[in-house]
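My request is simple: use the sequences and hints to build the entire structure.
Protein chains: 2
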Amino acid sequence: MTLITTPEQFKDQVTAAQSAYETSRQISPQQRAEWLNAIAKALGHHADELIELARKETHLDIARLQGEMKRTIFQLQLFAKEIQYGLHFEATIDHTDANWGMGARPDIRRMNVALGVVGVFGASNFPFAFSVMGGDSVSALAAGCAVIHKVHDAHLTLGLRTGEVVVEALKKVGAPDGLFSVIHGREAAEALVDHPLIQAIGFTGSLAGGRALYDRASRRTNPIPFFGELGSINPVFVTEKAWKIRQNDILTGYANAATMGMGQFCTKPGLLFVPRFEKDAVLPLLQQEFSTKKFAPLLSPNLRKGFEAALSKVSAIANVDVLIEGNGAEAPSPTILCTTVSAIKAKPEILELEMFGPASVMVQYDDESELAEIVALLEGQLTCTLQAEADENLSSFVDAVHEKCGRILWNGWPTGVTVSYAQHHGGPYPSTTSSARTSVGTGAIGRFMRAVAYQTFPDVMLPPALQENNPWKIIRRIDGLLAHS
Amino acid sequence: MTLITTPEQFKDQVTAAQSAYETSRQISPQQRAEWLNAIAKALGHHADELIELARKETHLDIARLQGEMKRTIFQLQLFAKEIQYGLHFEATIDHTDANWGMGARPDIRRMNVALGVVGVFGASNFPFAFSVMGGDSVSALAAGCAVIHKVHDAHLTLGLRTGEVVVEALKKVGAPDGLFSVIHGREAAEALVDHPLIQAIGFTGSLAGGRALYDRASRRTNPIPFFGELGSINPVFVTEKAWKIRQNDILTGYANAATMGMGQFCTKPGLLFVPRFEKDAVLPLLQQEFSTKKFAPLLSPNLRKGFEAALSKVSAIANVDVLIEGNGAEAPSPTILCTTVSAIKAKPEILELEMFGPASVMVQYDDESELAEIVALLEGQLTCTLQAEADENLSSFVDAVHEKCGRILWNGWPTGVTVSYAQHHGGPYPSTTSSARTSVGTGAIGRFMRAVAYQTFPDVMLPPALQENNPWKIIRRIDGLLAHS
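As they're listed, the protein sequences go chains G and V.
Quick note: the first sequence uses our numbering, first residue 1, plus one each step.
Quick note: the second sequence uses our numbering, first residue 1, plus one each step.
There's no promise every hint is true.
It does not matter which identical chain is meant; a pair holds if it fits inside one copy or across any two.
As the list claims (entries may be wrong) - Calculated cross-link-like contacts (lysine to aspartate or glutamate; reagent style EDC-like; alpha-carbon spacing at most 20 Å): (1) K345 with D367; (2) K347 with E370; (3) K81 with D97; (4) K244 with E168; (5) K56 with E164; (6) K172 with E379; (7) K305 with E57.
Please keep in mind that the hints were generated in silico from the structure rather than gathered at the bench.
Shown next, in the form of structure tokens:
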């Protein structure tokens, strides 16, 4: 069962996926929604079994895994609803217009169609929500694509079993064979990026791994879009006023967000910018917070190695001190480092070093105005967070921050990423390889579609989404104006 | 005036552009629309002067250039309207929801924002509509970007003068200095793709040139999106029945579409698939059509050289015959070549050789079913066209064709590309480098934007597009449903 996918098996899977895509590309969103809901139901049915597999392979606790399973099932159901609303088709109808300003306009109708077969790489840190049937897979299926999913080695048994559950669920409701399948092994992973029938890649992982695959996808004879969610440090900026009024609340929130899931979140706050403080003023509260928490081993030995290397690198930077030292146990307690804005301005490398695990850095500033200088030095981030008071006008600061990230939070913590219509989980490079797109929320579907226009077509020959009587009852733009059926 | 842009000048232009972008990124769509309309007005004011410059440099006739100017002005005005409707912001508001299926949802609001400074490469074949103030420039400005435009060498004097007109018009209405500027010369062009502040490239041109720049953009430390519209052969498929009923009409339409603008259109029909015919049955009509046309020199000596090389290459393919031989004059008459589907199936290279100029190939088939085999061999195209009768059911053929192109026409000719809401001018690689996106029509604006989400923000700190009372009166999605203000 855990054998590596062979090149022959992989070729067969791609052929089957392409055929499944072609068979099903014109089905109604109602039909496709049934398939997504069937997967959701099957995951629910097998939840206990899958959660137990996940617990063994990831060391994540049951409550967290149950929450993640709930999220994964909800995501399938939400996307099933979303494709019936139909906004992702961006169906647009321009009727013939003899008086069109540049000269008579023919009847022309455009919609988004699925790309074809899509490759998805699962993440190590979310065994359900960003893995086999996570955000990338569900958005590609919702778009109408077939999916080949590369299971992450960190939870291989779970991944393969989840794959079986999904395939069985799709079979039961009559979806074509091959619409979804999993592969594993490095060779198959590279073949996934290279195969001419693969039309796009969804990826969640490290900057180094992601960039290598992005380069591979871009070098193809026919380059394909690579939607990689890579790394992020997620700075949190605390104003002088907020620190004065809410120091303890902020420290509690920080202690929680920085160590949630053992700090193994791409949205972990890696830098907390606060006014200069005395150690004694913050240490007891942080220590107390950590003393109430249970720690667990990191997701995998590989990840642990990477975390320790990054921690050493950041610790070795001049003027970086240890505020709280982790115990280095198998289930390690968190490390909080400490430095100053002046030190960063002198040598900004700390802004580029993500420590994926239970560690974060508190950065002290002398004057709030220094924060704008830090923002200017930032690389692209998934999130930036402001802790400020309601009567503070930070408009120009927010303006500067929005250049650097995909989500800005006001008095919150970035670690929760709700799946909704407005969610944006993305950001300028290197946080992602495609800043326009999101990997969380209903907006994620559009990544796996492209547009096709039909000019002066007989109604009966048009795809249903563009036929005059709107058989799918989707939302469309007609002669410039949005219209419900 | 025609001096090459120096590296120092270029740096100054980027700095000014970035500053102009930052100054203007939060202005209202109404204000931005005024700027676009001011450019439109200035072009109208200088139309005669610019058209005369264009005529001298491109050999295109006055009527064509007047039409193109009309299109260019209309495009600016349409985009000015479009940004006030506001769909390009994709403003999406999810209010707090304690009962959200995966757990309580915070208030989260997303919108598209401008990318920053964008580089645009003008095309040789449309001195107005795809040049200095063509589709790429206007969509980037509409998105809220600043634009640096690389003028095409084939109409340098016109390009520089158009740049002056645009800059002056923007200055008059108070747009920030540097929001738009032009450069020329190869060194500056490469610097444009490389500069860290450039956030995206719009390009229309050859496959070789476009791919080289795409690779350059992808290799950057921070890769940027490269929206390249490259090459296309635009096959036209004629059914047996249509050929029987409308042979003469089809030949007339073909003769016209293949030679319009001296065949220097990216949407020129390069291949016409028809049932096997006797030469004498088609030759007289084509010859008569051509005899009524006026020919002109090609756009530039370079382009002429490229056209002749491509024509030689295609002519030298086994089983490619000459049906009508062009006269090779300075203003050359068109060449129509002739081959068979069997020959293409044996050696499909003709499907990959664009002849940019007055030449096209008629391809004879023995049985209509062979057309599906040709579609399977096609590379990505901007357009594919079907000439068929209303009672023919070609659903599965259309299904196959839609995999290969961005626009499908039924009983039309691909050479007219209207600027409208539903237009899609794009297609799978190599017709473009980004099949999801269009370079013509209002959809083109989205290429130069990325999303940002704001979580639990005080209303007053939100961008106007996301404030509760919708001060810009744009269309938005609220708690899942689209709503007018």
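Now for the hints, and whether the structure bears them out:
Taking the shortest Cα distances, K345 and D367 sit within 20 Å of each other inside one copy (13 Å), while across copies they are farther apart (72 Å). For a Cα distance limit of 20 Å, the shortest separation of K347 from E370 inside one copy, 15 Å, qualifies, whereas the shortest one across copies, 66 Å, does not. Within a single copy, K81 and D97 get their C-alpha atoms only as close as 34 Å, which misses the 20 Å cut-off; across copies the closest is 17 Å, which meets it. For the homomeric pair K244 and E168, neither the shortest alpha-carbon distance inside one copy (57 Å) nor that between copies (51 Å) is at most 20 Å.
Taking identical chains as interchangeable, the C-alpha atoms of K56 and E164 lie at most 20 Å apart only when both belong to the same chain, with a minimum of 18 Å there against 68 Å between chains. Within a single copy, K172 and E379 get their C-alpha atoms no closer than 47 Å, and across copies no closer than 36 Å, so neither meets the 20 Å cut-off. In this homomeric assembly, K305 and E57 come within 20 Å of each other (Cα to Cα) only inside a single copy, at 17 Å, whereas the closest approach across copies is 64 Å.
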